[in-house]
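Position chain B relative to chain A; hints supplied.
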Amino acid sequence: MNSFWGIENKTSFDFIHVEESMAFLAGIANQFGIFIENKFLQKNTTFLKEIHHRVKNNLQNVASILRLQIRRLSGISAEQALNDSISRIMSIAVVHETLYQGEIGMVDLRKLVGNVSSLSLAGQLEPNVRAEISGPSIMIPSQEATSVALVMNELIQNAVRHACWERKEGKLSIRIEQVAKNVSVTVQDEGPGLPQGFNPEEDCNLGLTIVRTLVKDDLRGEFSLRGGKGTTARIVFPLPKNYRELNL
Amino acid sequence: MSFKILIADDEPLIRVDLKESLEGIGYEVVAQARDGREAFNLLKRSNPDVVILDIKMPHMSGIDLAREIGNKYPVILLTAYSEKHLIEQARDAGVMAYLTKPFAEKNIAPAIELSVKHFVERCSLVQKVSRLQDELETRKLIERAKGLLMEYEYLTEGQAYQRIRRMSMDKNKPMKEIAQAIIIMFG
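Note that the protein sequences, when read in sequence, are chains A and B. Take 36 as the starting number for the first sequence in this note's numbering and just add one per residue. Take 4 as the starting number for the second sequence in this note's numbering and just add one per residue.
The shape of chain A in the complex, shown without the other chains:
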């Protein structure tokens, strides 16, 4: 009996004890749950704030692109000005799309050039321009990618406009190279070359202004435009040190 009562008492005692422990652990679990939820909310709030700033900054970029165009409306139709503005905005969107796909902090230049050229050539029925892209995949910082995308958009748009002078078909050659510390992208068309007396440094159309500004000020590189059999546009810019090692 004693042992029976002993067992029963012990069981009863343990049962109460376990219940208390369970309640205690449930309390801790609840506290942890609340803590994790708070942290998650905090993180989400910070993330949302950052997104909010980026949206505002991008809206500023769009407003700036439109204002830059407004100041240069002479000699072009409203349709062309709007189409050019749309393609600039879309080329910024290409970078965001590339970033969104998981490449945090860096962008594959070749992929970016491919996406921008597809965008620029999409919906273009005539002339039928084909882009041939060659060269290695080179990772560049996402911050520079926006400038590269905008510059490539201008160079490709420009080449498409002049590549098939009075022809229905044409080809663009886009070559990506890495030479030591620098990256170069060359866009070559099959058009009639540069018009006589044309000086790319003095021309003030918005496309070339964007190219010159972004290559010189943002990419800290150089831009050249050469005539001859077709036009060859080339940008060369240095890779940041840590990206040089990454691309070796």
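If you are wondering where the hints come from, they were derived from the structure by calculation, not from laboratory data. Since we're looking at a predicted model, the values are computed, not measured. Ideal placement from N, C-alpha and C gives every residue a C-beta, glycine not left out. Each hint should be verified, as a subset may be incorrect.
Simulated coverage check for chain B against chain A, where a stretch passes if three residues somewhere in it have a Cβ under 8 angstroms from a Cβ of chain A [to be verified]: (1) 15–29; (2) 102–109.
List of simulated lysine to any residue pairs, SDA-like, C-alpha gap at most 25 angstroms [claimed, not checked]: (3) Lys-59(B) with Lys-206(A); (4) Lys-109(B) with Ile-105(A); (5) Lys-78(A) with Leu-89(B); (6) Lys-87(B) with Val-33(B); (7) Lys-206(A) with Lys-264(A); (8) Lys-84(A) with Lys-7(B); (9) Lys-7(B) with Thr-244(A); (10) Lys-91(A) with Lys-59(B); (11) Lys-7(B) with Arg-106(A); (12) Lys-251(A) with Asp-13(B); (13) Lys-22(B) with Gly-242(A); (14) Lys-22(B) with Lys-216(A); (15) Lys-91(A) with Gly-27(B); (16) Lys-109(B) with Lys-264(A); (17) Lys-91(A) with Glu-180(B); (18) Lys-91(A) with Lys-143(B); (19) Lys-22(B) with Leu-241(A); (20) Lys-276(A) with Asp-38(B); (21) Lys-91(A) with Tyr-157(B); (22) Lys-84(A) with Val-33(B); (23) Lys-74(A) with His-52(A); (24) Lys-91(A) with Asp-13(B); (25) Lys-91(A) with Ala-114(B); (26) Lys-84(A) with Ile-90(B); (27) Lys-22(B) with Lys-78(A); (28) Lys-251(A) with Val-33(B); (29) Lys-216(A) with Lys-109(B); (30) Lys-251(A) with Ser-64(B); (31) Lys-264(A) with Val-195(A); (32) Lys-91(A) with Tyr-101(B); (33) Lys-251(A) with Tyr-101(B); (34) Lys-22(B) with Glu-257(A); (35) Lys-91(A) with Gln-136(B); (36) Lys-251(A) with Ala-112(B); (37) Lys-91(A) with Ala-107(B); (38) Lys-22(B) with Ser-120(A); (39) Lys-276(A) with Met-170(B); (40) Lys-59(B) with Lys-264(A).
Leaving out everything else, chain B in the frame of chain A:
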């Protein structure tokens, strides 16, 4: 009025647009910087009347730079951020105006004109306060020195003042320095 302006923003297209907007209004953009540090280095060479800075920039933020230069140049912040704590930091750094992106061209000129006017007023008030503080300190020292002369040299207040004045003229030194010397000697 045509002011010389330095602008700093890490977004090149926004910078070009801002430059053209400012030049369209009639201001002269004397320097453009990609970040706070570059702006700091360009200040001496370009000697602007107004500095317009983005907040979030590499190397040095607009608020950090404003802390460094806020008492020498009128600083206007132009930023996508509008959080309370940043506005408070800007206020404490001596920033004269705070504009948010996306900005409207029509808001820039009033911000520049008012910033320059308020900055000039503030500088003049700071100088005035400093001069008055100096005068007050001089007066206190002379009073103390007069008291010591009256106590140790048995002079009247008028005589003590005349003594300090004469010594100042004879030695070609300000009365403040003479008073300090008397305080050291007798104090």
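So, going through the hints one by one against the coordinates:
1. 15–29: It holds: at least three residues are needed, and the segment 15–29 of chain B offers 10 whose Cβ sits within less than 8 angstroms of chain A.
2. 102–109: Result for this restraint: holds, n = 5.
3. Lys-59(B) with Lys-206(A): Violated. Lys-59(B) to Lys-206(A) sits at ~42 angstroms, over the 25 angstroms cutoff.
4. Lys-109(B) with Ile-105(A): With Cα atoms ~15 angstroms apart, Lys-109(B) and Ile-105(A) stay inside 25 angstroms; holds.
5. Lys-78(A) with Leu-89(B): 19 angstroms, holds
6. Lys-87(B) with Val-33(B): Roughly 32 angstroms separates the two Cα atoms, so the pair is violated.
7. Lys-206(A) with Lys-264(A): 13 angstroms, holds
8. Lys-84(A) with Lys-7(B): Roughly 34 angstroms between the alpha carbons, so the hint for Lys-84(A) and Lys-7(B) is violated.
9. Lys-7(B) with Thr-244(A): 23 angstroms, holds
10. Lys-91(A) with Lys-59(B): The hint holds at about 13 angstroms.
11. Lys-7(B) with Arg-106(A): Holds, at roughly 22 angstroms.
12. Lys-251(A) with Asp-13(B): 13 angstroms, holds
13. Lys-22(B) with Gly-242(A): 17 angstroms, holds
14. Lys-22(B) with Lys-216(A): 31 angstroms, violated
15. Lys-91(A) with Gly-27(B): 24 angstroms, holds
16. Lys-109(B) with Lys-264(A): Given pair Lys-109(B), Lys-264(A) is violated - Cα atoms ~47 angstroms apart, limit 25 angstroms.
17. Lys-91(A) with Glu-180(B): Measuring from Cα to Cα gives roughly 59 angstroms; hence the hint is violated.
18. Lys-91(A) with Lys-143(B): 57 angstroms, violated
19. Lys-22(B) with Leu-241(A): Measuring from Cα to Cα gives roughly 15 angstroms; hence the hint holds.
20. Lys-276(A) with Asp-38(B): 19 angstroms, holds
21. Lys-91(A) with Tyr-157(B): 77 angstroms, violated
22. Lys-84(A) with Val-33(B): Violated, at about 34 angstroms.
23. Lys-74(A) with His-52(A): 33 angstroms, violated
24. Lys-91(A) with Asp-13(B): 15 angstroms, holds
25. Lys-91(A) with Ala-114(B): 20 angstroms, holds
26. Lys-84(A) with Ile-90(B): 16 angstroms, holds
27. Lys-22(B) with Lys-78(A): Violated, because 37 angstroms separates the two Cα atoms, which is more than 25 angstroms.
28. Lys-251(A) with Val-33(B): Holds: Lys-251(A) and Val-33(B) sit about 18 angstroms apart, inside 25 angstroms.
29. Lys-216(A) with Lys-109(B): 44 angstroms, violated
30. Lys-251(A) with Ser-64(B): With a Cα-Cα distance of about 22 angstroms, the restraint between Lys-251(A) and Ser-64(B) holds, given a limit of 25 angstroms.
31. Lys-264(A) with Val-195(A): 15 angstroms, holds
32. Lys-91(A) with Tyr-101(B): 15 angstroms, holds
33. Lys-251(A) with Tyr-101(B): Given pair Lys-251(A), Tyr-101(B) is violated - Cα atoms ~29 angstroms apart, limit 25 angstroms.
34. Lys-22(B) with Glu-257(A): Holds: Lys-22(B) and Glu-257(A) sit about 22 angstroms apart, inside 25 angstroms.
35. Lys-91(A) with Gln-136(B): 47 angstroms, violated
36. Lys-251(A) with Ala-112(B): 28 angstroms, violated
37. Lys-91(A) with Ala-107(B): 13 angstroms, holds
38. Lys-22(B) with Ser-120(A): 19 angstroms, holds
39. Lys-276(A) with Met-170(B): Judged against 25 angstroms, a Cα distance of about 69 angstroms means the pair is violated.
40. Lys-59(B) with Lys-264(A): 46 angstroms, violated
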